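**Q** Read in order, the letters of the sequence shown are residues 1 to 164 in the UniProt record's numbering.
For the record, the hints were derived by calculation from the structure and aren't laboratory data.
The structure presented is a predicted model; accordingly, all values stated were derived computationally and were not measured.
The beta-carbon is built from N, C-alpha and C at its ideal position, and this holds for glycine as well.
Among these hints, one or two may not hold up.
As the list claims (entries may be wrong) - Derived DEER-like restraints, expressed as beta-carbon distance ranges:
1) Gln60 to Ala145: 31 to 41 Å
2) Lys52 to Gln100: 16 to 26 Å
3) Arg20 to Pro144: 16 to 26 Å
4) Ala145 to Gln17: 31 to 41 Å
5) Gly27 to Leu66: 36 to 46 Å
6) Tyr88 to Asp129: 31 to 41 Å
7) Gln60 to His140: 25 to 35 Å
8) Gly11 to Pro144: 33 to 43 Å
9) Arg158 to Ser23: 24 to 34 Å
10) Thr91 to Val28: 12 to 22 Å
11) Arg155 to Thr91: 18 to 28 Å
12) Lys52 to Tyr88: 16 to 26 Å
Stated by the list, open to error - Derived BS3-like pairs (lysine-lysine); straight-line CA-CA distance at most 27 Å:
13) Lys3 to Lys141
14) Lys5 to Lys26
15) Lys26 to Lys3
16) Lys57 to Lys106
17) Lys57 to Lys26
18) Lys5 to Lys52
19) Lys141 to Lys106
20) Lys3 to Lys106
21) Lys106 to Lys52
22) Lys5 to Lys141
23) Lys106 to Lys5
24) Lys141 to Lys57
25) Lys106 to Lys29
26) Lys57 to Lys5
27) Lys52 to Lys3
28) Lys29 to Lys57
29) Lys57 to Lys3
30) Lys5 to Lys29
31) Lys26 to Lys52
32) Lys29 to Lys52
33) Lys26 to Lys106
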Amino acid sequence: MRKVKRYPVEGPNALWQIYRTVSPWKGVKNFIFIQLARYCPVLSLKNVIYRKMLGMKVGQHSAFGLMVMVDVFFPEHITIGNNSVIGYNTTILAHEYLIQEYRIGKVVIGDHVLIGANTTILPGVTIGDGAIVAAGAVVHKDVPAGAFVGGNPLRDLRRSGVGE
């Protein structure tokens, strides 16, 4: 089960109430820096933007592929370990705004983790050290250390005979 904190709302859907929880100026600032990082070809500069401008915890030698989209409103809830690779066009979310509630959860990606291209990582999940997440996966639950997972719904690909 994902580790998220739920906040019920009354009235219009939670997204209409977003600026009760997040400053619009924070959203604009983060959006600008995230867009710079998405297109930046220099890995070390990307990591500086993520650490210094967005408050993410990013380990040494971790690499973000082109077009990676991190959470605009709560990037400070994202932690990436050392020597991990986040593939092209991956989305890492730390929030969900729904109809009658919003949810916020930390995302922790361990050391030496490979996240394939076009993966979506939902709030409140932990991906253990040395795990591999196949391209196009939706990570909606914790991934154990050393696992090889993929798909939607997410499943262990070693047990299914894939990748052997």
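**Q** So, against the hints stated earlier in the document, which numbers end up violated here?
**A** 1, 2, 3, 5, 6, 9
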